[in-house]
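Number of protein chains: 2
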Amino acid sequence: MPLDLKSWIAHQLERVERALDQWVSVDASADLEHHAPVDLMAAMRYAVLDGGKRLRPLLVLAACEAVNSGLKHDYLPIEECDDELARRGAIGAVTAARASDEAALRAACAVELIHAYSLVHDDMPCMDNDVLRRGKPTVHVQFGQASALLAGDALQALAFELLTPERSVIEPVKQARLCRLLARAAGCAGMAGGQAIDLASVGLQLTEEQLREMHRLKTGALLQASVMMGAACAEAVPLAHAALHRYGAAIGLAFQVVDDILDVTADSCTLGKTAGKDAEQDKPTYVSLMGLDAARAYAQSLHAQALQALADTGLVDTRILQGLADMVVQRSN
Amino acid sequence: MPLDLKSWIAHQLERVERALDQWVSVDASADLEHHAPVDLMAAMRYAVLDGGKRLRPLLVLAACEAVNSGLKHDYLPIEECDDELARRGAIGAVTAARASDEAALRAACAVELIHAYSLVHDDMPCMDNDVLRRGKPTVHVQFGQASALLAGDALQALAFELLTPERSVIEPVKQARLCRLLARAAGCAGMAGGQAIDLASVGLQLTEEQLREMHRLKTGALLQASVMMGAACAEAVPLAHAALHRYGAAIGLAFQVVDDILDVTADSCTLGKTAGKDAEQDKPTYVSLMGLDAARAYAQSLHAQALQALADTGLVDTRILQGLADMVVQRSN
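Protein chains in written order, with numbering that gives the first Met the number 0: chain A, 0 to 332; chain B, 0 to 332.
What the hints contain is simulated information worked out from the structure, not anything from laboratory work.
Treat the hints loosely; a few may be bogus.
[To be verified] Derived lysine to any residue pairs resembling SDA-like cross-links, with alpha carbons at most 25 Å apart:
no. : chain 1 : residue 1 : chain 2 : residue 2
1   : B       : Lys282    : A       : Ala199
2   : A       : Lys135    : B       : Ala41
3   : B       : Lys135    : A       : Ala199
4   : A       : Lys282    : B       : Ala41
5   : B       : Lys282    : A       : Asp38
6   : B       : Lys276    : A       : Gly143
[As the list claims (entries may be wrong)] These stretches of chain B come out as covered by chain A in the derived footprint (C-beta under 8 Å, 3 or more residues):
no. : segment
7   : 46-58
8   : 203-210
[Stated by the list, open to error] Chain A is nowhere near these chain B residues, computed Cβ spacing over 10 Å in every case:
no. : residue
9   : Asp38
10  : Lys135
11  : Asp152
12  : Gln155
13  : Arg183
14  : Gly186
15  : Val315
Even for Gly, the Cβ is constructed at its ideal location relative to N, Cα and C.
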């Protein structure tokens with residue numbers, strides 16, 4: 000990992016951890032009429048804090064920064080290419096960067112809350128029945144099933160609360176757009192829908208097309224939404240928007256392919272969760288469908304698609320998004 | 000029930016049922032990239048359609064209509080009391096009524112989706128373990144626990160999707176405000192928080208104060224939010240807003256007191272769910288705490304508080320909200 004990517008990630012992770020620690024807390028509800036019950040909040044914090052790669056928040060923040068870096072000169076309409084306008088554009092970009100910062104941090108945390116809640120529910124006995132997550136007992140093991148259920152539910156609601164702060168610098172139109180993107184990605188035509196297909200497909204022989212559709216919803220939708228929420232924070236122009244959409248789709252799928260590869264090649268300790276679960280539960284995976292080598296080649300080709308999409312954005316600086324695409328494909332857990 | 004309240008309710012119920020039928024469907028996701036999986040949607044529709052009193056949607060719609068009826072003359076600032084301004088005010092009110100209509104119907108359905116998802120999760124074996132709801136097998140009995148869990152999760156997401164339509168007549172500021180109200184009422188400092196307190200208090204002796212706090216979150220928050228979302232759709236002025244807030248708090252609490260009364264006085268058939276569960280599970284209730292007669296008197300006093308709050312709104316026509324308050328206290332199921 001190049002040094003500047005590493006320090007960018009370290010800096011952003013610190014911001015995200017601090018923000019999550021602040022927003023997922025009883026204190027955060029102090030301005031509300033009612034405080035959140037302490038026990039429920041403990042389970043919510045256990046599910047969210049001190050764990051996870053925070054890939055989705057990093058994607059939100061990186062996409063926002065990339066859009067804020069502005070469009071390359073060749074991508075600007077000709078009439079805007081004189082020096083005076085370029086200068087004014089640059090000043091506008093700085094102001095926009097500040098204004099989008101608060102939105103991006105909230106969006107980053109909101110998408111992580113949705114991810115965290117989905118893991119809590121997914122680990123429950125009636126779903127994957129997993130007892131280990133990120134090297135710790137899962138929420139239902141630690142707090143009981145009922146609390147795990149409620150903590151997941153409350154985390155989802157909190158995600159939308161984070162996106163709609165009162166008396167905020169974030170324009171209402173942006174708040175509404177972020178809610179829309181997140182709700183769609185989390186719901187029946189996104190993550191929850193993908194999990195339902197996953198559930199229904201245990202023991203079945205899926206085609207590659209069906210497997211891709213399942214993963215596009217189950218994991219891909221939220222990863223892609225992370226990119227698009229970041230783009231929305233910085234108000235990407237249509238060309239950049241469309242290319243980032245393709246980038247998000249490619250890394251969303253790549254993430255799952257690599258997940259399937261790691262499930263057979265890594266051990267539980269490295270993985271931080273129980274390895275070999277998919278094969279044991281007779282779940283269809285890219286590895287079971289195409290074999291290990293072909294799955295690896297597929298991950299590489301999705302990686303190349305993601306990089307091409309970044310080149311197509313016309314944005315000045317997409318290096319962080321590029322680095323995150325590398326991370327998704329080269330990760331070991 | 001007076002004839003005009005009855006026909007108002009019948010008309011609104013028909014609108015809400017039609018809207019829910021349309022929005023909780025695979026077709027509704029046709030404009031999205033991905034369709035919702037058919038199985039998941041079946042469980043979601045089972046949980047939402049053809050059942051329930053729809054009290055929360057009715058409160059949203061009634062509050063919106065009441066605010067749109069305008070302020071009484073004595074409540075208008077003196078400088079606005081000449082005839083010309085009153086006339087213009089009336090025209091403005093008609094336009095506002097049309098513009099708020101779409102928002103109120105979406106808000107009505109969104110709040111019902113949150114209510115429906117909470118029942119699905121609440122009925123699950125790790126929570127109340129109930130097999131009967133509205134005279135039908137509960138969702139997890141019908142579709143299995145994993146599907147019930149996912150259907151609940153997807154219903155919550157869909158609620159926020161409904162509130163944030165793209166290219167809509169609903170102003171973004173209103174969309175964001177509705178999301179904020181709903182997210183707070185559903186989350187850790189609202190419904191989910193109240194359920195967590197409920198869970199933790201089984202077998203405990205609560206004070207009346209603690210019991211009230213639990214119910215204010217568990218049931219009250221969402222009922223009150225229904226009223227406030229309706230008020231937000233029609234952009235209530237501060238005076239009306241504050242009084243409607245008190246109305247919402249009073250009927251929210253009254254609803255739960257009556258629920259506790261019905262749990263011991265009604266049979267399962269009338270109730271449409273298993274009666275006597277609270278006593279059996281040794282849950283604290285208003286009846287167990289204060290006795291049946293005092294609980295009844297308390298419900299009546301909350302009813303009176305609700306009516307007083309309506310009188311304080313200064314709104315021209317609050318008859319429907321009044322009728323709904325009567326319904327809450329006089330209901331038999």
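Check your understanding: Tell me, which hint numbers fail for this structure?
Key -> 1, 2, 7, 8, 9, 11, 12, 13, 14
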